[in-house]
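Dock chain U with the ligands against chain V, hints included.
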Amino acid sequence: MSVIIIGAGPAGCEAAYRLARSGESVELIEKEAEIGGNLNNWYQLFPDRKQAADLKAKLRKNIEHPQIHLHLKSKPVAFSRQGDGTIQLTLDDGALITGKALLVASGFRTFDAHRKEEYGYGIYENVITSVELENAFINHQINTSTGHAPKRIGLIHCVGSRDEKICRLYCSKLCCVTAVKQAIELREMLPEAEILCFYMDMRMFGPGYEEMYREAQEKYNIKFVRGRLSEASEDREKRLIIKVEDTLVGKPLKMTLDLMVLMVGMEPAEGNDQLISMLNLQTAPNGFIQVSDPHSGTNCTHQKGIFVTGCSSSPMNLTDTLTDARSAAVTISEYLNS
Amino acid sequence: MNFWGFSISEARVIDYDKNDKTLAQIMATEVPSSKLCIGCGGCTATCSAGNLTEFNIRKLQMLAKRGENKELQTQLHKCMLCGKCLLVCPRGVDTRRMIWSMLRFINS
Ligand code: SF4
Ligand code: SF4
Ligand code: SF4
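Respectively, the protein sequence lines represent chains V and U. Take 1 as the starting number for the first sequence in my numbering and just add one per residue. Take 1 as the starting number for the second sequence in my numbering and just add one per residue.
In isolation and in its complexed conformation, chain V is listed as follows:
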C-alpha cells in the first residue's frame, strides 16, 4: 500500500521523491496534463535567478523514480476509509486508489486582478499582472499595447493581499521579492526606462532578499515609493494616471505610467473548499487548510493519516515550499512506522 499525493507542483513532486527514496510507493495525482503547477508560470527564480524550467526539469527527473506512479489529468472525486483506516480515493476516470496516508499538495492560485476594479485590470490595456510579466520575460518581449517600449513602469505591491475590501487579510509573502526581481529584469531589458515600485511595507524576509533590494536601488536604479495605489485611470494615449500618497513625505502624488504591473497575491487553489469538505478537514481563517499545530504540526491536519504541504496551508515561497515538502515526507515516514 502506498502514500497518495494530491498535486504534482513543486511540493507534491519533492515529497513524492523523498518518500520514494525512503522506500514508500507513491501515487501522485495531478489535474493538469503536466507537472509543475505554478512553476510553469515563472521565468527566473529569486534570489539567484535560476531558470524555473531547470528546476522543473529536475523535479520531473526525480519523479521518474520506479516507486512513483504519476496520474496526469486526474482529479479525486470521492474519499472513503476502510475499517482499518485505509484511505480510498476515487478518481474522475473511475480508478480506485488506496493508501496508508494522504498528502494534500494542491498549492495555490494567483489572485484574479479583475476583482480589484479600481486598478483597471481588464479595462485599461496597459495594466498587466506579475504572472503576465513573467510570460513576457519568457518571450523576451516588453511592449505597451500601442507597440512602444514603455518609458515609465510602475509595479504595484499587495494586489489581492492585505486588503479587507477583498477579504484577504494576509500577506502573500512572495510578491515583494517578485516585484524587486521583476524590476531588475525589466531594467536589464529597458536600460532607459524609469521603474518604480509602490509598496506598503517591504517584506524581504528570505536569505539574499534584502541584499537584492539594496542592489535594485543602487545598481539597477529602481525607485521605491511607500504608498498604496488608490485608483488608476487612462489617458488618450492609453497611459495610466495613478494616484498614491508618497507617505514618507506626507503628500499625495500623481504620475503617468506607460505600463502598470499588478503584483497579484496567492489564494487557496481552485477546488480547495471542495477538497476540504471531501476530506473532512478544517479551513484556516485565511481560507487555506488548517494545520493541527502552528509549531509542531505544520504538516498535520485534524484527520489521522491526512497531511498537508506547501501552499495548501499558507502562502510560501518556493524555497520554503520545497523545505516543507521534505518535512512532510519525514512526518509521513514517522507516521507509517509508528
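No lab work stands behind these hints: they were computed from the structure. We treat Cβ as the ideally placed atom computed from N, Cα and C, and that holds for glycine. No false leads were slipped in.
The calculated BS3-like cross-link candidates involving lysine-lysine, where the alpha carbons are at most 30 Å apart (straight line), are:
1) 254(V) - 18(U)
2) 84(U) - 223(V)
3) 21(U) - 243(V)
4) 223(V) - 78(U)
5) 243(V) - 70(U)
Computed list of chain V residues with no C-beta within reach of chain U, every gap over 12 Å:
6) 128
7) 131
8) 234
9) 333
Below, chain U with the ligands without anything else, positioned relative to chain V:
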C-alpha cells in the same frame, strides 16, 4: 485684494510628470549611495537642527528626489554639516555629501 475672503489653495499634490527632476538626477550621479535610502528616519532623529527646528533631512531629500525643491530653499541652510546623520544611517547613505550636492544646486 481678496474682497470675498475666499482664496484658491495651492495644490499639495506632487505632480511627478511636470516636476523638474534635474537635482534628483545630479544627486543620484554625484552621490550614488543616496539611492539606498529606505526612509527610516534615523538621520532626522539624531539631527540637532531637526530636534530644535522644523528641519527634517529625511523628508527634504525624499522631496528632492520627486522634484519638489521648494522647501530646500528655505530649510537646507539649517544643516550644520556636522555629519551625525551619516553615523547612524543603516544604509550607508553619505548624507553629508548628499546635502552638499543639494546645497550647491540651490545656490547655483
Ligand atoms: S509580500 Fe509584499 S507585496 Fe506581497 S502581500 Fe506581502 S507586503 Fe504585499
Ligand atoms: S549634517 Fe546636517 S542633517 Fe546631518 S545631522 Fe548634522 S545638521 Fe543634521
Ligand atoms: S538614516 Fe539613511 S536610510 Fe534612514 S532616512 Fe536617513 S538617509 Fe535614509
